[in-house]
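Using our numbering, read the sequence shown as starting at 160 and increasing by one per residue.
Keep in mind the hints are simulated off the structure, nothing from the lab.
Since this is a predicted model, take the numbers as computed values, not measurements.
The beta carbon of each residue, even a glycine, is placed where N, CA and C say it ideally should be.
Fair warning: there could be bad hints in the mix.
Here are the simulated BS3-like cross-link-like pairs (lysine-lysine), alpha carbons at most 25 Å apart as the crow flies [stated by the list, open to error]:
{"hint": "1", "residue 1": "K714", "residue 2": "K498"}
{"hint": "2", "residue 1": "K637", "residue 2": "K468"}
{"hint": "3", "residue 1": "K651", "residue 2": "K469"}
{"hint": "4", "residue 1": "K714", "residue 2": "K469"}
{"hint": "5", "residue 1": "K651", "residue 2": "K468"}
{"hint": "6", "residue 1": "K415", "residue 2": "K672"}
{"hint": "7", "residue 1": "K637", "residue 2": "K651"}
{"hint": "8", "residue 1": "K714", "residue 2": "K672"}
{"hint": "9", "residue 1": "K498", "residue 2": "K469"}
{"hint": "10", "residue 1": "K468", "residue 2": "K498"}
{"hint": "11", "residue 1": "K498", "residue 2": "K651"}
Across the chosen pairs, the derived CB separations fall in these ranges [stated by the list, open to error]:
{"hint": "12", "residue 1": "E495", "residue 2": "T545", "range": "32 to 42 Å"}
{"hint": "13", "residue 1": "P740", "residue 2": "P263", "range": "46 to 56 Å"}
{"hint": "14", "residue 1": "P682", "residue 2": "L729", "range": "44 to 54 Å"}
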Amino acid sequence: MTMDEGEKDAGAGGEGAPLVENLARIEALSARLVAALGRRRPIRASLQTPGPELWARAAGAWMNTLARDPARLMQDQLAFWADWLRHAAESGDGRGAEGLAELPLYRVARAQFLAARDATERALGELEGLDERERERVGFFARQMLDLMAPQNYLATNPEALSRAVETEGQSLIAGLENMVRDLEAHRGELLPTLSDPEAFEVGGNLAISPGAVVFRNRMMEIIQYEALTEQVHATPLVLFPPWINKFYILDLREKNSLVRWITEQGFTLFVVSWANPDERYRDVGIDTYIEEGFLTAIREVRRLCGVKKVNVAGYCIGGTTLSLTLALMARRGDESVKSATFFTTLTDFSDPGEVGVFLEDDFLDGIEAECAETGYLDRLFMARTFSFLRARDLVYGPAVRSYLMGEAPPAFDLLYWNGDGTNLPGRMAVEYLRWLCQQDLFATEGLPLMGETLHLRDIALPLCSVACESDHIAPWKSVWRGVRAMGSADKTFILSESGHVAGIVNPPARRKYGHYTNASWPDTPEEWQAGADFSQGSWWPRWGAWLARRSGRKVPARPLGCGDASRILAPAPGEYVMRPAGS
160 MTMDEGEKDA GAGGEGAPLV ENLARIEALS ARLVAALGRR RPIRASLQTP GPELWARAAG
220 AWMNTLARDP ARLMQDQLAF WADWLRHAAE SGDGRGAEGL AELPLYRVAR AQFLAARDAT
280 ERALGELEGL DERERERVGF FARQMLDLMA PQNYLATNPE ALSRAVETEG QSLIAGLENM
340 VRDLEAHRGE LLPTLSDPEA FEVGGNLAIS PGAVVFRNRM MEIIQYEALT EQVHATPLVL
400 FPPWINKFYI LDLREKNSLV RWITEQGFTL FVVSWANPDE RYRDVGIDTY IEEGFLTAIR
460 EVRRLCGVKK VNVAGYCIGG TTLSLTLALM ARRGDESVKS ATFFTTLTDF SDPGEVGVFL
520 EDDFLDGIEA ECAETGYLDR LFMARTFSFL RARDLVYGPA VRSYLMGEAP PAFDLLYWNG
580 DGTNLPGRMA VEYLRWLCQQ DLFATEGLPL MGETLHLRDI ALPLCSVACE SDHIAPWKSV
640 WRGVRAMGSA DKTFILSESG HVAGIVNPPA RRKYGHYTNA SWPDTPEEWQ AGADFSQGSW
700 WPRWGAWLAR RSGRKVPARP LGCGDASRIL APAPGEYVMR PAGS
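When you get a sec, could you build the whole thing from the sequences and use the hints?
Listed below in structure tokens is the structure:
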């Protein structure tokens, strides 16, 4: 063999090496894919889709509509074809990736989808014989199906993904398959796109790094005291109760956007509860358990540790809802251990639960109740899916296209990393919360029987401040406002932040991003309140800080961790519970 022939063979082998490597990667990924899908446990139908009764009523309403107006069917068919032709023409105007939008398959698929979308919206608008709640549910789930069928969600009808595959010689598709397998493995066979780079963050490493110590622990929670950052602090400490649907470090992501750090910088002694991540061992845990072993215990322990008669408290989301129940119970019992309360995006009036209301009918709740009775807890997967599909284009299909079809790595985004770090819910608590509060709205109406008392919103009479968010789809601000208005306090402040459920709360002043509204009056409706409100640029944090300072007493020397009792320090912040997956 000559040197030239040897070099030629080596070159050919070098050119073929990537193909061989890719085939090996595909084979390995395929094996992992099969294994991941094999781990998928069956999910009861009642947790997947509305009951058949809803669709039967929708079909009946449509048939009745046609019976009353037979010409409407022909009108709708003509409108469909007119839309199809219009969208087909628009698809051929040269837009798209490298002219691939000109492909007949793409043009047909896009036109068909857009025409079906328009026809569905017309049909939903014409439905008669459904009540408003049924109409909302039919519309929501019909749009979910349309979002699923959008052409850009599929490789064959996504010209940008096809172009990327050609440009990268198929590497984007292999990367996409790797991303898909990773997500299936992470969610035990369920396909939920990872929204943030899982390797970019570490709790206790570059997230949740404010200095502090765990000073109390029981089966429900750890209490973290944060290190004072001022020489003097207000005499009245603050106890903050985050939701247990997610982990507490949304309030302590990184130094630049940490509410925990900001609070300590303002001269407050801060304690934050870190909830346990429950499993089947928490089958017996209900709302009363969270109140007794969580809220009341934390208030008692912080008072004892700091040597004070009263504390200030704050609650976020479901943490705020249960805090409001706790405060009503304390009022009924004559317990005056709390000086003031703050609520972040806290629903207490569920007469209009917003978009999440489509999941609060018996067809879904019966399924959740059956699941909880069988397992003892509600797996975090179900909550993650529910809240993701409330914003399906942004949180499901858009990320799926970028990850699986384009082969892109998810961004390094701390807030989305936290969003994916969910927790389970104790079964009894989940059912009680969904039935008593979300569905029956007992706290805001006839009263909620709990722990030997019947609790009402009007029982809450201490000074309070409530912060809601203008575009919040989980705790709609108008419902939050109605709940606060019904509380019995004569000293209450309402702040409406711009943005949504998380971004409107995690809004540090230095960012100068979202503003807020205030109005000291309490008219009959939230619309009137907003019409008369003043808008302020920038974060609501300083306004709330000033409000809290006026209710936190004189200044005293900063309290050391454990308040001088080294035996109370059990672990450094962020503690152990936030690190533990369920069952460990």
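Checking one constraint from the list: CA of K714 to CA of K498, max 25 Å. Satisfied? holds (16 Å)
Okay, P740 versus P263 on CB: inside 46 to 56 Å? Holds, at about 50 Å.
When you take the CB atoms of E495 and T545, is the distance between them in 32 to 42 Å? Check passed, 38 Å falls within 32 to 42 Å.
Take the C-alpha atoms of K637 and K651, compute the straight-line distance between them, and say whether it is at most 25 Å. holds (16 Å)
Quick one, are K468 and K498 close enough, alpha carbons at most 25 Å? With Cα atoms ~9 Å apart, K468 and K498 stay inside 25 Å; holds.
Take the C-alpha atoms of K651 and K469, compute the straight-line distance between them, and say whether it is at most 25 Å. OK: K651 and K469 at ~19 Å, within 25 Å.
Between the alpha carbons of K498 and K651, is the straight-line distance 25 Å or under? holds (13 Å)
Run the distance test for K714 versus K672: straight-line Cα separation, threshold 25 Å. violated (32 Å)
Please check whether P682 and L729 have a Cβ separation lying inside 44 to 54 Å. At roughly 49 Å between Cβ atoms, L729 and P682 fall inside 44 to 54 Å, so the hint holds.
K651 and K468: Cα distance at most 25 Å? holds (22 Å)
Compare the distance between the alpha carbons of K415 and K672 with 25 Å, and conclude whether the hinted pair is satisfied. holds (13 Å)
Restraint check for K637 with K468, where alpha carbons must lie at most 25 Å apart: Violated - the C-alpha atoms of K468 and K637 are around 35 Å apart, more than 25 Å.
When the structure is compared with the earlier hints, violations turn up for hints 2, 8 and for no others.
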